[in-house]
Each structure stands twice: as structure tokens, then as C-alpha cells.
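2 protein chains.
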Amino acid sequence: MTDTAVEVKRETGRGGRRGRRGRQGADKPAGVEQLSWQQPRNPYRPVEVVSADELESIHEASLQILQEVGMDFLHEEAKQILKGAGADVAPDGDRVRFDRGLVEAALGNAPRSFTLHARNPARNLVIGEEWCAFCSASSAPNSADRDRGRRPGNIEDYRDFLKLGQSLNIIHLFGGYPVEPLDIHASIRHLDCYSDFITMTDKVFHAYSLGRERNRDALEMTRIGRGITDEQLDREPSLFTIINSSSPLRLDTPMLQGIIEMARRNQVVVLTPFTLAGAMAPVTVAGAVAQQNAEALAGLVFTQLVNEGAPFVYGGFTSNVDMKSGAPAFGTPEYSRAALVGGQLARRYGLPYRSSNANASNVVDAQAAYESEMSLWGAVLGHANLVKHAAGWMEGGLCASFEKVVLDAELLQMMAEFLKPIEVSEETLGLDAIAEVGPGSHFFGAAHTMERYETAFYAPILSDWRNYETWQEAGAETATLRASRLYKKLLAEYEPPPLDPGIREELAAFVARRKKEGGAAAA
Amino acid sequence: MTDTAVEVKRETGRGGRRGRRGRQGADKPAGVEQLSWQQPRNPYRPVEVVSADELESIHEASLQILQEVGMDFLHEEAKQILKGAGADVAPDGDRVRFDRGLVEAALGNAPRSFTLHARNPARNLVIGEEWCAFCSASSAPNSADRDRGRRPGNIEDYRDFLKLGQSLNIIHLFGGYPVEPLDIHASIRHLDCYSDFITMTDKVFHAYSLGRERNRDALEMTRIGRGITDEQLDREPSLFTIINSSSPLRLDTPMLQGIIEMARRNQVVVLTPFTLAGAMAPVTVAGAVAQQNAEALAGLVFTQLVNEGAPFVYGGFTSNVDMKSGAPAFGTPEYSRAALVGGQLARRYGLPYRSSNANASNVVDAQAAYESEMSLWGAVLGHANLVKHAAGWMEGGLCASFEKVVLDAELLQMMAEFLKPIEVSEETLGLDAIAEVGPGSHFFGAAHTMERYETAFYAPILSDWRNYETWQEAGAETATLRASRLYKKLLAEYEPPPLDPGIREELAAFVARRKKEGGAAAA
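Keeping their order, the protein sequence lines are chains A and B.
Residue numbers for the first sequence follow our numbering, beginning at 6 and rising by one.
Residue numbers for the second sequence follow our numbering, beginning at 6 and rising by one.
Hints listed in this document are in silico derivations from the structure and should not be mistaken for laboratory results.
The reader is advised that the hints may include incorrect statements.
Identical copies go unnamed one by one, so any copy, or any two together, can satisfy a pair.
For lysine-lysine, the following DSS-like pairs were computed, each having C-alpha atoms within a straight-line distance of at most 30 Å [unchecked claim]:
(1) 329 x 493
(2) 494 x 329
(3) 329 x 425
The structure displayed is predicted, hence computed values, not measured ones.
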């Protein structure tokens, strides 16, 4: 290293890029440096992997599926709503067939984009258009970290994931329970968990559709958390629910109840078929996507019948199984391409798009990283507006990992930086600097460099760029080991966001009353 | 898993997807299943990160740099050639200034694409347009694997990397010595190494520009290896050289000699400025790319003056330093965006484009994987035609890793699969299958599935998709551990490609004669 390089060098310790904190992390108390709160905007043209004609073929195939095969709706009220709108409802069963007019009538009613309101308005998000939001991973039955291994989900781990999700600015909202706290009885789990979301974080969270009562509790708790009236809640999307069709071609009772409860109150329905090609969908990407699209369109029709104009997000989750074992795979080339077609379809319908950061690895290793990258690039290039499972997801969703949260935070921050346009101007082209330095010299000491070096480049949270010898002397830690130290540092630094005492009291009273009433029945 | 899933399940063992070998790996003797030899073609529109106007600003800035600052050419003959063409050559030094006319005259002369001939015609490559070729990593001073650790480069490791590069179909050519065999004296190293390339592999290789003699030896050995005349070699690009400018704005003697020797014989010059923003280039991406572009254009002008129409590849290698330590970083968000702008510039000039698969990790871990993915996506989305360092590169080029070769082979295969268009047809849309299966069932036993399942999806080389319990019982191996077993398996399975005995003899005689003459002098 030259003397001038030494001149610019700063004492940083491992990852402690405190020099940048003033700029980047003004809303963080101390310690782990990270990007400031910001919602990425994607300025690039989306990548298209099928032609316009091929896209129309997929659309037409979906309409044909809905018209000829139909879809099972396992809910009486839902069937009545659909029948009332002219759908062909089988008199002796659950099968509902849609003619194309019914589908076309639903298109264009849901908003292209909307604001999703958090209890802290600074955490509000735009869902749609060129905006992107990253969700914490959700719904894993197990959790794991390096020190303590893998264990069934529990409330302590649940709360630790909430702390990480609150502390990391690149996690914009919570897409469900990061891990299922199995030690809390199912009848009251949602009350404790939503209460934790509201008191321990100030970001948007998600309501599971596991029976009407739970949806209604979530809606009321969201209203209380925001300190608003019912009327304001009905005007302002503030809560979202993931509706998974039971592929192939079925919507179950709690899911349909969820759509009814949420859409009626103008809250967000994210319809996501889980179309695993070769298992719950055809073994071809085109066929799996056609089926995904049919299921998503059926959900759109129903949602718009419940409440025309209610916010709706088109979800894509098409992947493939390992045909040798039947095991699901994620972050595969098929997955990435399906994510891109999903984006094309969502844009065709003028709907916000949801994708995911998925992988099938059993350990936070190179596979976890590359499968996640394949998923994330599919999401970002496909202009996903909502990226679920963005931080912490492992094992195809069976485990939430503390180290993976940190690894993913790095991947997400890098994506956010990738999406920042290159500034091309007289100043950034730097012709004066190039003339000043001239051939055969270096830019370390140039004025152009000195004015910008502190903020010129992305500062990583996890990557270690020291040379081999220095890295080895310092303990030769892998990225996973460093992530292990970092998540503990983040937990230690966690500070609960402010909450109005009146709101806290009202929330506690609601939870106490509902617990006294026995919570919610099994879905 | 359902009964039907079991029905489709096949006994595979670890990664042994032998059922697919007949289809995919017909040119492999046995064992590790992989994609068959194929050159990926990129059917998608390239991603553009600057507007057309911004691209012109960068182009104009480059012209201004060449006109006002100029570039140092440290070679008398080169300066004479440039002076003869009307460049402004400083009478008392090495500085050469180019007016825009000189640059514009050079544009359009080099071919948009050309065939790069291997000694085995089945390994010929198209360089340019929508075609992509992946090079083995090159020029590392150290090598490493899990069992034996990191050590200075040696001939045994060199040969092992050649075996891997020959065996893995996704590695299309060799971009230099994968590791420097430091135990072979520099005067004869090129003779032994090129001899190994020709006898141990049948793919295209690269000639270092380290003095005229070495270029000429490489050219003659290439001619012998192909068994062709001088005239045929002069017609058919069969060898390539990387020319690195010494950024900022300098071309050194051996590099200029390399251009002269290679271009005169119609062989391929890949001009790659190593413009590390903040060190050898301005601290801004726009400035670093403008300088990269100036240097590449100067190289293009010179190459076309030496031999109008000689094949030329536009190389981009703009990354950034860690401004806290001066350490170079790779696979950063800045790197990915610079790779995409590089592609835009190369396309503007109608030139094939070279990018790289770079990372700065010291160990084959999650960081190595995600930085490589960031680099690779930049290359692929930017329509790179030649991806250097595609397999095995670590530590910003200071180490070649055996495990990383396997990891990268997986990443490259996944990219190749990602680039295969989704087939959208009546058959693949699978409406009959969807009708046959219907709501609430599964596709495992459907005829549509059974006809396709063996070849429907990408079969990974490294990824482990078993569930956690099975994976743990089998030893809980990370991807890096599995890569360690796999590279040894590949080495054990290596078979040298056939070589005509007459060619082998002629080659040996040439090498013996040149060694007797003392090899080549220091560059």
C-alpha cells in the first residue's frame, strides 16, 4: 500500500465503519453500521424472459383453466358471492368456473400502487410501481443459530428475530412470524405475537388468515397500534395477509375468510399460489406459471367482488421439485425464470408483484448464499414490489436462521445499492482529477478522491476485504462465523421504538380481554 | 412424501444423477453428472444502467481524456505506428494524444463476432453477439484447497486445474495459467505450460504478453497444436491475449509488443483496463468507467492500426477499493453496475465484451458465493461474451481454489440454464395435465409429468436438497466440504483428450529446441 493509501486508511476494527454512521445510520443508536432507512426504487427496465405473444398464451391458458377446469372454493359465503356475480358454481360441490368476462371485469380495479401504513409514519411503504420492500422471513417451524443449533420455534427466538427486524433498516416490514412460537398456545398466539410486533417494532406487519377471529383481532390491534379510528383504517391499508391457494386450484375456508375480512376493510390481500412444478403444478415452467396465474386471477376476481378497489398483490412462488426425490428446490434457474415471468404477468395486469428470497440449504453456507442470490436477482430484475422471506429463510422455509438474517441483510443492502443510479455529471466524470493525476500515478491523494472517499462506495455489513494474512491472523473467520457475532451485536444494541403509553395500555387491555375470552378457536 | 412421489423417486446417492447422464453428459466418461458441452446464448435484452445520453457523456469524456490528457505508450515502435497515423506523440516522451477522428476511424473495423478456434473443432467458440464463453480463473500466485491449505503456485496444482478445466464442460476455455507454477523457471514456464494446455486439454487457451518471444512461442505452439499452416492460423483466430493497461492511462512495453505480435497475426486482443475506482481511477463509478473507456479505445485504435480488422474484445474491470484500508473489493454493487455500463459501451462500439467472475473472499464461504453472484449477474445481464476468472478465482485474484472451481461450475451451469428460454407451447402449458389432475390433487403420477420428469429441471452438481434430518445423518456437510469431495472425484475421473501422435512429437521437439535455446528472456 502506498503512503497515500495509508493516509486515507482509517482505524475501523472489524466492520466498525463508524465514520459513515453520521451519514448512513442516523436513526441507529450505535455500533453496527448499515444503510439508513430507505425504500429502494428500481430504475432499470425489468428483464423479460418470454415474448409478448408468449405472455398472452400464458394468460389465455389461465383463462381456459378457470373456464374449463375451474377452481374449488371451500367456503359457502364465497361461493354465494361468486354465484351472485355470475360465476358457474357447481350445485353439488365446491367447483367454481369463471368465464373470461368475469376475469376481465376484475382487471383494472385494484390499485397499481398504494401506501401501506405503519404505526410509525416514517416506516410507511409504497407497494407497487417501481418501489421495492423487503420482508423478514416468516412462518418457519424451527429456528437455528451456530451456537445453539436447531430447535423448535419458541417465543424467545421469535422476539429476537423481531429485534433484528426492527434494528436492520433494510428489513422494511414483517411478513408473518419469523419463527412460529410453538410454546405459546395456538388460541392466543396471535394476540401475543401481534402485541409484540406493535410494542417491539414500529414497522408494518402481517396477519395470518387462520380464521375470521384472528383476522379481526389483527385488524383491531393494528387500529389500536396506529391510534386511529375504524374509518381511517378502512381508508388506509395498514395490514396485509398472504393468501396461499392450495395448489392445484383450491382456496380453503380460512383463506377465503381472510380475503373477506381483509378486503372488506380495504386491507391488503397478497394472493400467492405455491405452484411447485412437478408436484402441485405441471412439470414444465410454462404450465406451472399458467396454473399460478389462473389461481392468482381467481383470487383477484374474488377479492374485487368482496370490495372493488381493495388493494391486491399478485404473488408468484413457482419453483420445482427435485424429480429424483420429490424434495422441493428453491433458487434454481427454473425458479429465477418463473419469478421473471410472474413479474411480466403482474405488470400486464397492472398489479403490484410479490416474490421471495428462497433457498433450500440446511446450513448458512455457499449454497444458501447462491440460491438466495438466484432468487433475489429474479425478484429484483422482475420488479417485485414485495420480497417475502427476504431475511433469515432457510431449508425451503422449515427453519429461520439468525446468521442468515445478517447474510441476507448484506445481500439486500447490496441490491439496494445496485438499484441506485450511477450519477453521470461533470463532477462525477472527474476529467479534472484524471488530468491532475495523469498517466502512471494514482488517485489516493487527489482532491476529487479526498472530497468523496468517505461516502463513495457501499460499506458492507458482513464482507471481509482484508488480505489473507491479516484475515488469518485475526482468526480466519468465515462469513457465517462473522454473521454469528454480528447478530448478537445487533441484539445487544436493540432499542425498542417509542410507543404512546395510552396505546400501550389500550393494546394490553384488548389482549387481556381476548385472552379472557379464550382467544381464537382452531382455524 | 406421497406414494406417487416415492414412485418417481430414484436411488441416486450423493449427487449421483446418473439417470441423466445419457442425456446430458454423453462426452463424459462417468461419475460427476454435469451439463453437456454447450456455449450459452443470451436471449434476453441486456440491462442498461445509464441512459443513452449518459452513455454518450461517458463516450465524450473518454474522447476528451484521450485528446487532452493522452496516454503513455512505453514502446518506440508503437509510438512510431501512432505517429504515422496522425496521433500527437510528444517528441521528448511517451505521451500520445488522440484526436476524436483517430478514434472514430478505428470504430467499426474490428469484427462484431468471430470464431475462436480450438485444437478440437468441437471446442470452437463464437466470441461476440449473444454468445457467452466462460474461462477458467487465471494468474493466481497461490493455490488452495481444504485439505492442504494455501501454498505458492506449483506445476502439480497447475496441472490439476487443467484437468478440472478440461473435465468441466461449463469451462469453455483457459484464460491464462489457473495458478502460476512458480517452481518452473520463468524463462521456460510458458513452454511447459502451453505444452500442457495442448496435451492435457483440447480447449482454447490464452497467451500472456510478457515479451515478443513468448507471444511468438505461443503462436507457433498453437499452430502446431491445431496441425495447421501459418496461413491458416493467420486466417483463423485461435489464441487470445489479455492486455492490461497500467491504469491510469499507460500501456507498458510487453503489452504493446503483445498487441503487435498478436494482432499482426489476426489473433485476439482483449484490452482490459484495471480501473480500481479510488486507486487507479477516479473515486466515482462514472469517472472510473470514463477512464476505462479511454484506455480501451486507445488500445482499440492501436490494435486496428497494427492490423485493421483484427479481432478485438472490449474488456471491463472497474471495481472499487475499500476506502478505509485501500484494499481492492470485487463483486460489490459498484462492480456490478460498472460491468453493466461496460457492456453498454462495448455494444455502442459493436465490439465483443469481456467481464469477470470476481470476489475478494479469503475462504470458499457465503461471501465468496454472493460476491461471485454479484459479478456473474453483472456479466450475464451486461451480455459479456467472454467471462474471465469464471471458475476458481479467490482473494481478488491472489489465490486459485479447487473447491471454488466446483462452486463456480455450479453457478455457471445455473446461469447457462437461466439463459435457456422458457418453452411456451400447447404441450408445455399442460392444460390437459391440469384438467386430468384437477383441484386438490398432485402431478407426481400424471402422464405429462412421467414423460418429462427426468429432463424437466436443472440437476445441480453441488447443491444438496435433502431435508435437514437426512442431511445431518449423512454428515451435515457444507457446500464447501462437498465441493472438496467433488473436485477430487473430477480429478480421479479425468481423461486426457486424444492428440495426434505427430502433433505431440512436433510439439515436444519445439519445446525441446526452445529450452535448449534458453527459453525466453525476462520481459
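Among all the numbered hints in the text so far, which are the ones the structure does not match? none
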